[in-house]
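Q: In case you want the letters, here they are:
2 protein chains.
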Amino acid sequence: MVLKVCMIGSGNFASALVINVGDNVKANPETFDPIVNMWVFEEDINGRKLTEIINEEHENVKYLPGIKLPSNVKAVPDVLEAAEGADIYIFCLPHQFVSKSCSVLKSQVKAGAIGISLIKGFQIKDGELILMSEEISNMLNGMPVSVLMGANLATEIAEGKFCESTIGCKSYENGKTFRSLFQTNIFRTQIVEGDRITVEMCGGLKNIIAVGAGFSDGMKMGNNTKAAIIRMGIMEMIEFVKLYEPNTQISTYLESCGVADIMTTAYGGRNRALSEEFAKQYPNNSFEDLEKEMLNGQKLQGPLTAKEVANVIKTKKLEKKFPLFVTINAICEKEIPPQDLLESVQFTTYKFVK
Amino acid sequence: MVLKVCMIGSGNFASALVINVGDNVKANPETFDPIVNMWVFEEDINGRKLTEIINEEHENVKYLPGIKLPSNVKAVPDVLEAAEGADIYIFCLPHQFVSKSCSVLKSQVKAGAIGISLIKGFQIKDGELILMSEEISNMLNGMPVSVLMGANLATEIAEGKFCESTIGCKSYENGKTFRSLFQTNIFRTQIVEGDRITVEMCGGLKNIIAVGAGFSDGMKMGNNTKAAIIRMGIMEMIEFVKLYEPNTQISTYLESCGVADIMTTAYGGRNRALSEEFAKQYPNNSFEDLEKEMLNGQKLQGPLTAKEVANVIKTKKLEKKFPLFVTINAICEKEIPPQDLLESVQFTTYKFVK
Numbered sequence: 001m002v003l004k005v006c007m008i009g010s011g012n013f014a015s016a017l018v019i020n021v022g023d024n025v026k027a028n029p030e031t032f033d034p035i036v037n038m039w040v041f042e043e044d045i046n047g048r049k050l051t052e053i054i055n056e057e058h059e060n061v062k063y064l065p066g067i068k069l070p071s072n073v074k075a076v077p078d079v080l081e082a083a084e085g086a087d088i089y090i091f092c093l094p095h096q097f098v099s100k101s102c103s104v105l106k107s108q109v110k111a112g113a114i115g116i117s118l119i120k121g122f123q124i125k126d127g128e129l130i131l132m133s134e135e136i137s138n139m140l141n142g143m144p145v146s147v148l149m150g151a152n153l154a155t156e157i158a159e160g161k162f163c164e165s166t167i168g169c170k171s172y173e174n175g176k177t178f179r180s181l182f183q184t185n186i187f188r189t190q191i192v193e194g195d196r197i198t199v200e201m202c203g204g205l206k207n208i209i210a211v212g213a214g215f216s217d218g219m220k221m222g223n224n225t226k227a228a229i230i231r232m233g234i235m236e237m238i239e240f241v242k243l244y245e246p247n248t249q250i251s252t253y254l255e256s257c258g259v260a261d262i263m264t265t266a267y268g269g270r271n272r273a274l275s276e277e278f279a280k281q282y283p284n285n286s287f288e289d290l291e292k293e294m295l296n297g298q299k300l301q302g303p304l305t306a307k308e309v310a311n312v313i314k315t316k317k318l319e320k321k322f323p324l325f326v327t328i329n330a331i332c333e334k335e336i337p338p339q340d341l342l343e344s345v346q347f348t349t350y351k352f353v354k
Numbered sequence: 001m002v003l004k005v006c007m008i009g010s011g012n013f014a015s016a017l018v019i020n021v022g023d024n025v026k027a028n029p030e031t032f033d034p035i036v037n038m039w040v041f042e043e044d045i046n047g048r049k050l051t052e053i054i055n056e057e058h059e060n061v062k063y064l065p066g067i068k069l070p071s072n073v074k075a076v077p078d079v080l081e082a083a084e085g086a087d088i089y090i091f092c093l094p095h096q097f098v099s100k101s102c103s104v105l106k107s108q109v110k111a112g113a114i115g116i117s118l119i120k121g122f123q124i125k126d127g128e129l130i131l132m133s134e135e136i137s138n139m140l141n142g143m144p145v146s147v148l149m150g151a152n153l154a155t156e157i158a159e160g161k162f163c164e165s166t167i168g169c170k171s172y173e174n175g176k177t178f179r180s181l182f183q184t185n186i187f188r189t190q191i192v193e194g195d196r197i198t199v200e201m202c203g204g205l206k207n208i209i210a211v212g213a214g215f216s217d218g219m220k221m222g223n224n225t226k227a228a229i230i231r232m233g234i235m236e237m238i239e240f241v242k243l244y245e246p247n248t249q250i251s252t253y254l255e256s257c258g259v260a261d262i263m264t265t266a267y268g269g270r271n272r273a274l275s276e277e278f279a280k281q282y283p284n285n286s287f288e289d290l291e292k293e294m295l296n297g298q299k300l301q302g303p304l305t306a307k308e309v310a311n312v313i314k315t316k317k318l319e320k321k322f323p324l325f326v327t328i329n330a331i332c333e334k335e336i337p338p339q340d341l342l343e344s345v346q347f348t349t350y351k352f353v354k
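Those sequence lines, one after another, are chains B and E.
Residues 1 to 354 (my numbering) are what the first sequence spells out, left to right.
Residues 1 to 354 (my numbering) are what the second sequence spells out, left to right.
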């Protein structure tokens, strides 16, 4: 029996990674069904359906223009049809669509099917944090859901530039299956067994660090200070992960999902860039306005995650343990000026305790 | 009995940090002698002696112009006189002067005196690596020598910008003494007990990583790849440290001496900048020429350290464990083109094993 794979999502990152998946299933016909269905939220592109364009021209002209997709990737506008008979689900869609898609998929999930989430960030329900992998698993009858995170800017992947990625999973067997789907000569994956929660949480939390790094850039605080703020952010990241995974492994932070992703986000990337502008123009601008000006109205992940995380910290009354995260949120909310960033952490001693 | 402190060195970094030391001894007269002698290699500055200028105008016009030194810092041109009666030695001078200074100081070192090295990098003798702290200790009758490392660009420190730093020491007591000398509201030190070797080696090895990062910038390999190369550099750094400190603590790499210093060096700094140029202009330029063009002939640390480290690796026949370090050196030596950088590590799996 070969395994049928479906991609739930068709944005920038989904389209970049479905290339790897399409090529890999084709190359391994003894393991995988040669067709990869990709659920595409139907859109009208100059009078033509997006699915039709993808299936005829093998290009996602809306979300990854200029890059050819493998011809064995089939765009399907109906999510149930896309996932029909699937043994392996790859989730790569915005948060807000997860719940709706899963409630539709629930009825037809095969026993024994496995999933992987490529979605960065988390949700908050009733003051508690819910990881996307767990949300999906809960909605899909307890399906085991792994995660893939790392320094993986979609455009660079699609352009064929080398990168590393981290697969976090409970079972190494599942990790190996996902590696055989995603790994190529220029997309190298490392499997982290038993520390999935850390891998997944890094993907969300790093955006808060990037906001702090952007503030320090906006205030021209220099290289030493910026590095110190990022480092303190890593220390708070570890402490925050510990709330959900007391056995978090410090070595996981040295994987691509950790330091590598933090560096790309805190030295490049739009969370950093908009936060720099925010601090420069303070108080004459807000993230909402900057999102309109610089992102065509797309929401920035960092301030959102900072808010969610600050809420959890306040609910748990742990403000003293997370001065940087709390302060970054307060600055985003304009409760305090960016100039107060340093003061919040200046005399804090961060120490990693096993 | 109060403790007498001397600074052996008067360059950019020594001059920036002697400000902290001068202010701290003045503020703690019950612990420290109020005068800090600073050994200054005598130079003629437009017909005036540098020591005279420092002592009269409290400014190191040659190595830290525009910044006032505390008036209790006394420039002394003779190293023996500068260190007379010293209980605490701070070493902050170029490698090549260490041996000579120590051979002079040897005769007069007090029993019970302690030292700290701020010198980044190491020496190679007979194919073996010698840490500066150990070289100093060996030459000075076994004096215990701690180290201070971190994301500490001297000019930013002198400008009053916030930074963190790491003190590596065998004894926590010594660590605390050094913290009381260096720490200020904007220069925060963290003491790492028992992992001094790791702290010290990070300070040298990070420059090799910066060279790799610069090559990737020069070849426009993108953010994902750059982060991957830096991350793989960190993994090789840990492996290399293990050769000298099998009990290296992974948490030490999350201190300022680790990730923070690596980030500033690999995203800013001259090792990165010159290596970018080297890769761009390859094969039409050499590091020697670039040093002349861009550094007024000053030697760049990265290629030098890469060479020393590659020699150790080759002597120990460990090339397979350190493909990135060996390749970076081979590129610096023009044995292979920068384009071969990726190939060397593309299929390497780095895994942290305790």
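Be a bit skeptical, because a hint or two may be false.
Because identical chains share one entry, a pair is satisfied inside a single copy or across any pair of copies.
Below, simulated DSS-like cross-link-like pairs (lysine-lysine); rule was C-alpha separation at most 27 Å, straight line [unchecked claim]: (1) Lys-161 with Lys-351; (2) Lys-351 with Lys-242; (3) Lys-292 with Lys-170.
Hints listed in this document are in silico derivations from the structure and should not be mistaken for laboratory results.
Q: Within a copy, between copies, both or neither: which one fits Lys-161 and Lys-351 at a CA-CA cutoff of 27 Å?
A: between (36 Å within a copy, 22 Å between copies)
Q: At most 27 Å between CA atoms: does that hold for Lys-292 and Lys-170 within a copy, between copies, both, or neither?
A: For Lys-292 and Lys-170, the Cα distance exceeds 27 Å both inside one copy (40 Å) and across copies (54 Å).
Q: Checking an output row: Lys-351 and Lys-242, CA cutoff 27 Å. Within, between, both or neither?
A: This pair counts as both: shortest intra-copy Cα distance 13 Å, inter-copy 22 Å.
Comparing the model with each numbered hint stated earlier shows that hint 3 is the single one that does not hold.
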